[in-house]
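Produce the complete structure using the sequences and hints provided.
Protein chains: 2
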Amino acid sequence: MEALEAILTRRSTRKFRAEMPGRELIDRIIEAGRHAPSGGNNQTTHFIVITNPAKLAELAMIVREEFAKMDIYPGMYRSKQNAINAAKKGTLLFHYNAPVLIVVANRTDYSNAMADSACALENMMIAANALDMGSCWVNQLHWLDGNEVIMKYLGALGLEEDETITGGLVLGFADTGAEGGGLPVRTALPRTGNPVTWVE
Amino acid sequence: MEALEAILTRRSTRKFRAEMPGRELIDRIIEAGRHAPSGGNNQTTHFIVITNPAKLAELAMIVREEFAKMDIYPGMYRSKQNAINAAKKGTLLFHYNAPVLIVVANRTDYSNAMADSACALENMMIAANALDMGSCWVNQLHWLDGNEVIMKYLGALGLEEDETITGGLVLGFADTGAEGGGLPVRTALPRTGNPVTWVE
Numbered sequence: 001m002e003a004l005e006a007i008l009t010r011r012s013t014r015k016f017r018a019e020m021p022g023r024e025l026i027d028r029i030i031e032a033g034r035h036a037p038s039g040g041n042n043q044t045t046h047f048i049v050i051t052n053p054a055k056l057a058e059l060a061m062i063v064r065e066e067f068a069k070m071d072i073y074p075g076m077y078r079s080k081q082n083a084i085n086a087a088k089k090g091t092l093l094f095h096y097n098a099p100v101l102i103v104v105a106n107r108t109d110y111s112n113a114m115a116d117s118a119c120a121l122e123n124m125m126i127a128a129n130a131l132d133m134g135s136c137w138v139n140q141l142h143w144l145d146g147n148e149v150i151m152k153y154l155g156a157l158g159l160e161e162d163e164t165i166t167g168g169l170v171l172g173f174a175d176t177g178a179e180g181g182g183l184p185v186r187t188a189l190p191r192t193g194n195p196v197t198w199v200e
Numbered sequence: 001m002e003a004l005e006a007i008l009t010r011r012s013t014r015k016f017r018a019e020m021p022g023r024e025l026i027d028r029i030i031e032a033g034r035h036a037p038s039g040g041n042n043q044t045t046h047f048i049v050i051t052n053p054a055k056l057a058e059l060a061m062i063v064r065e066e067f068a069k070m071d072i073y074p075g076m077y078r079s080k081q082n083a084i085n086a087a088k089k090g091t092l093l094f095h096y097n098a099p100v101l102i103v104v105a106n107r108t109d110y111s112n113a114m115a116d117s118a119c120a121l122e123n124m125m126i127a128a129n130a131l132d133m134g135s136c137w138v139n140q141l142h143w144l145d146g147n148e149v150i151m152k153y154l155g156a157l158g159l160e161e162d163e164t165i166t167g168g169l170v171l172g173f174a175d176t177g178a179e180g181g182g183l184p185v186r187t188a189l190p191r192t193g194n195p196v197t198w199v200e
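Line order of the protein sequences matches chains C and H. Counted from 1, the first sequence has number 86 at position 86 by the working numbering; the numbering is strictly sequential. Counted from 1, the second sequence has number 136 at position 136 by the working numbering; the numbering is strictly sequential.
Do not rely on the hints blindly, as some may be mistaken.
Calculated Cβ distances over 12 Å to all of chain C for the following chain H residues [to be verified]: (1) Arg11; (2) Asp27; (3) Thr45; (4) Lys55; (5) Lys69; (6) Met70; (7) Asp71; (8) Gly90; (9) Pro190.
So the derived list for chain C, only partly shown, Cβ under 10 Å to chain H, looks like this [what the hints assert, rightly or not]: (10) Ala3; (11) Ile7; (12) Phe47; (13) Ile48; (14) Ile50; (15) Glu66; (16) Asp109; (17) Ser111; (18) Cys119; (19) Ala120; (20) Ala130; (21) Val185.
Just so you know, the hints here were simulated from the structure itself, not pulled from any lab data. All figures in this text were calculated on a predicted structure; none of them were measured in a lab. Cβ atoms here follow ideal geometry from the backbone N, Cα and C, with glycine treated the same way.
Here it is in structure tokens:
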């Protein structure tokens, strides 16, 4: 797929088929992420790729439990409120049952940690679209960064002591029903915000 | 250009030809940025596109002056140290004399400000590469976020009171000499960092 088309038609996928993408496909998406720029060519973005169904289910359960313990305060970021409310009702499934979750982390003491990680995540989202796969940035693990239970669980999976969770990507084939045939929805949502000011 | 190729061959351009890209080309790159995902579809990334040569030169001078006032402390981020040292010597030219500078800003009170902005910047970098243009993330204005002189200057150009400077992009045709013909250098640097951990 042409680059501009892949960028403009990328959409967030939140419903996935159970089918596990082949390792070669996942590798290509990770390589796209690894080729994002980094501050001073730092290259400290860490990709923890979870395809083990039992681990994914366990992590989703722990995330639900930890969000259920949280309180909502006035002015709290709306999506975070939604996660807490869903967790308290027992319905939160932060990874949307996607077969692949890529946890993105970076060095705690690095001021460009989020910037570099976000560039890597965007590369992976565009690559996924170009390869007929669906993906979505999931932020629940970032919101739980520092949470003792989560850090311990992810620590056992490879998160380093000096790392902070910057984001996450769910990945798989989109469940777009019989008509969609597993291809992502690609009708771009209009951008009414994201304003542009010209100084000519 | 194919999407994966555009992602894998994107390189930072730091030497530009003086030629101003056509408005249509710049517009396509900004549209790529505007189509980045945003937290809760927030769409608050603000693109301030500066093509006015006098304003660019003035801004570069102010940036140099403000960095020259700063002190280096132990453990300071290396690229920031480099900017301060160059500013004190009078050689800092943060926009590499590119004909186009896109200042990226977002809401100060928005927790995904950097994440959203970085996705937009990455989209623009990939789009620039696909359109045979060179670009580079420049972070000096982000480091000067909150600086009174800079906020006042950018405020006059369109930066809003409730906005924080999250990053910047320089853009133009790469100066790769007679042989390069203005095309960006596209030999990908090997990624020795950016580690991957599999949980299968």
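Status of the hints after comparison with the structure:
The Cβ of arginine 11/H sits about 8 Å from the closest Cβ of chain C, inside the 12 Å cut-off, so the non-interface label is violated. Here aspartate 27/H does not stay apart from chain C, with its beta-carbon only about 9 Å from theirs, under the 12 Å limit. The claim that threonine 45/H lies off the interface is violated: its Cβ sits roughly 5 Å from the closest Cβ of chain C, which falls inside the 12 Å cut-off. Some Cβ of chain C comes within 12 Å of the Cβ of lysine 55/H; the nearest lies about 6 Å off, and the non-interface call is violated.
Interface exclusion of lysine 69/H from chain C stands, the closest Cβ pair being 20 Å apart, more than 12 Å. The non-interface label for methionine 70/H is consistent with chain C: the shortest C-beta to C-beta separation is roughly 15 Å, beyond 12 Å. For aspartate 71/H, the requirement that its beta carbon stay farther than 12 Å from each beta carbon of chain C is met, with the minimum near 17 Å. Every CB of chain C lies more than 12 Å from the CB of glycine 90/H, the least distance being 22 Å, so the non-interface label holds.
Not every beta carbon of chain C lies more than 12 Å from that of proline 190/H, the smallest distance being close to 10 Å; the non-interface claim is violated. Residue-level restraint check for alanine 3/C holds (minimum Cβ-Cβ distance to chain H is 4 Å; threshold 10 Å). Given the 10 Å rule on beta carbons, the hint for isoleucine 7/C holds: about 5 Å separates it from the nearest Cβ of chain H. With its C-beta approaching chain H no nearer than about 5 Å, phenylalanine 47/C sits inside the 10 Å limit, and its interface hint holds.
Given hint, isoleucine 48/C at the interface with chain H, holds; its Cβ is 5 Å from that chain's nearest Cβ, closer than 10 Å. Taking 10 Å as the C-beta cut-off, the interface hint given for isoleucine 50/C holds, the closest approach to chain H being about 4 Å. Below 10 Å, beta-carbon pairs count as interface contacts, and glutamate 66/C has none with chain H, the closest being about 18 Å; its hint is therefore violated. Look at aspartate 109/C: its Cβ gets to within about 8 Å of chain H, closer than 10 Å, so that hint holds up.
Checking serine 111/C against chain H by beta carbon gives a least distance of about 5 Å; that is within 10 Å, so the hint holds. Here the hint on cysteine 119/C is kept, as its CB sits about 4 Å from the closest CB of chain H, short of 10 Å. For alanine 120/C, the shortest C-beta to C-beta distance to chain H is roughly 7 Å, which falls under 10 Å, so the interface hint holds. Checking alanine 130/C against chain H: minimum C-beta separation of about 4 Å stays under 10 Å; hint holds.
Checking valine 185/C against chain H: minimum C-beta separation of about 14 Å lies over 10 Å; hint violated.
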